[in-house]
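*Asks:* My numbering puts the sequence shown at residues 1 to 131.
Hints listed in this document are in silico derivations from the structure and should not be mistaken for laboratory results.
Cβ coordinates follow ideal geometry from the N, Cα and C atoms, glycine included.
Possibly wrong hints are sitting among the right ones.
[As the list claims (entries may be wrong)] Pairwise CB distance ranges (calculated):
(1) R8 to V33: 35 to 43 Å
(2) G35 to F110: 50 to 58 Å
(3) W37 to A82: 30 to 38 Å
(4) V34 to Q89: 28 to 36 Å
(5) G29 to F110: 44 to 52 Å
(6) Q89 to V32: 48 to 56 Å
(7) A23 to E51: 46 to 54 Å
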Amino acid sequence: MTTDLDARYGRTPARARQHRLIAIAAGIGTAVVVGAWVVWAGLFSPEATLETRDVGYDLVSDDEVVLRFEVSVTPGASVRCALEVQNEQHAIVGWKVVDLPGSDTYTRVFEERIITSEPAVVGLISECRLT
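Hey, can you work out the whole structure from these sequences and the hints?
*Replies:* As structure tokens, this is what we get:
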């Protein structure tokens with residue numbers, strides 16, 4: 001009786017083998033995708049770390065600001081930073097991009113003069129990226 005029901009509903013040894021092969025292939029495919037992602041995310045990610053901090057600014061005149069900032073980066077890595085100066089309405093009135101060469105020191109402090117189009121109230125780092 002069981003054999004008749006298995007045959008009637010398609011539960012044959014060949015069908016069971018086919019389902020097992022599909023499950024094994026799906027498991028192998030999932031393992032390959034996960035393994036590839038781990039290799040891509042772990043091995044090809046940049047090794048250098050980058051941290052920045054605004055140290056301060058001096059409003060030299062109505063059209064000039066001196067911005068001091070700190071950059072902490074893995075020794076030897078070069079960095080490009082965009083610096084901005086804002087007015088009372090938080091509009092950008094001064095902008096400067098600076099390239100910082102690699103160094104043996106992890107943390108360095110820099111000072112940059114930025115020309116403004118009108119009186120400013122604050123100077124800060126807009127962004128920094130590894131180059």
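*Asks:* Does each hint fit the structure? Answer for all of them.
*Replies:* Okay, the hints, checked on the actual structure:
1. R8 to V33: 35 to 43 Å: holds, 38 Å
2. G35 to F110: 50 to 58 Å: Violated: the Cβ-Cβ distance is about 42 Å, outside 50 to 58 Å.
3. W37 to A82: 30 to 38 Å: holds, 32 Å
4. V34 to Q89: 28 to 36 Å: The hint (28 to 36 Å, Cβ to Cβ) is violated, given that V34 and Q89 are roughly 50 Å apart.
5. G29 to F110: 44 to 52 Å: Check passed, 50 Å falls within 44 to 52 Å.
6. Q89 to V32: 48 to 56 Å: Because 55 Å falls inside the window, the suggested range holds.
7. A23 to E51: 46 to 54 Å: holds, 47 Å
In terms of the numbered hints stated before, the structure departs from hints 2 and 4, listed from lowest to highest.
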